[in-house]
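Chemist: Below, each chain spelled out in residue letters.
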Amino acid sequence: MKQYLLVLTTLAATLMFSETSAQELAPNQNPNFAVSRDKYMQMADSVNQLHSTTVQQTYKAYDWYQNKIDRRNERIQFRRELKMERARSRYYRPYHRGGYYNNYYYRPYRSGWNSFWWF
Amino acid sequence: MKKVLLYSSLGAALLLSACARNVTRIDPEEQVDISGRWNNTDSRLVAEEMTQTVLRENWLEKHVREKGEKPVVIVGFVTNKSHEHIDAETFVKDVEQSFIQTQKVRLVQGGKKREELRAEKADMQTNASASSMKKFGLEQGADYILQGSINSIVDAHKRKKVVYYQVNLELTNIETNEVVWIGDKKIAKYVKN
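For the record, the sequence lines run as chains A and B.
Everything in the first sequence is counted per numbering that gives the first Met the number 0, starting at 0 for the first residue and increasing by one.
Everything in the second sequence is counted per numbering that gives the first Met the number 0, starting at 0 for the first residue and increasing by one.
Keep in mind that the hints were calculated from the coordinates and are not lab data.
Glycine residues also receive a C-beta, built at the ideal position from the N, C-alpha and C atoms.
Treat the hints with care, as some may be off.
Here are some chain A residues the structure puts well away from chain B; computed CB gaps all over 10 Å [stated by the list, open to error]:
1. P30
2. V34
3. N47
4. L49
5. A60
6. R70
Below are the DSSO-like pairs computed for lysine-lysine, each with C-alpha atoms no more than 30 Å apart in a straight line [said to hold, decoys possible]:
7. K66(B) / K1(B)
8. K188(B) / K38(A)
9. K133(B) / K112(B)
10. K67(A) / K134(B)
11. K112(B) / K38(A)
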């Protein structure tokens, strides 16, 4: 009896739903509109957040003069980094020239342009 | 000694004044081109063109004739596909302003601002007095959506450059997807470095 009632209720609900759906159709409206509606109802919030905004899809245009400036800046930057790296390697190499416990830093004083003969 | 002091102070004052930054207010309508990039003059030119054409075209008259009421517009998004960072809000706002000032087109809020309005309405449901509380489900639906795109072409060789911008705004019927108006503004610039 219970099963019979359940089937009857489901049938009635389906019939009622289909009838209301049919009634809601506007003239010339696609009867499958609900497929698309359900799909876009899922994404409406995320898409509509972009309203009144500018979506940036910029590209890099070739500009000979700008490229020249960029190349020069890169060169300057590279030279600066190289200089810094050289300076850093000169002062922070503890095992260079025999390590801490050599007498490199206590070498005898020599003057003149050719005094660095031991390098 | 006094003379030396005087001259040195004068020299110092001159040096300081030469190094100081100088800022002056200018008329926003004035055309000042510095780098050759997109600037306020370009934005203004686009806004002028769009506001002049959007309210003159026959989509407006047709809508009023068919529906018997003013059209409702929502602003969608503008896609910047040019080579520069351009914010379309500077000229789209002018178009929106023209809708409101002329009272020919009704405008509804969209995007983040609409989210904020809904959040405020939600807050009212628990905090505002019953008489002042605003109801959900009574928002004005839009008839048309305003969308747009910005495109550019760059032709550069050595120190010479020609930059071409094309800005398009489109008004589309939301129900039928029919495009009822397309406005465009083309700007070409010759830049010599």
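Chemist: Against each hint, give a clear statement of whether it holds in the structure.
Modeler: Cross-check of the supplied hints:
no. : hint              : in the structure
1   : P30               : holds, 17 Å
2   : V34               : holds, 17 Å
3   : N47               : violated, 7 Å
4   : L49               : violated, 4 Å
5   : A60               : violated, 4 Å
6   : R70               : holds, 14 Å
7   : K66(B) / K1(B)    : violated, 87 Å
8   : K188(B) / K38(A)  : violated, 45 Å
9   : K133(B) / K112(B) : holds, 17 Å
10  : K67(A) / K134(B)  : violated, 61 Å
11  : K112(B) / K38(A)  : holds, 25 Å
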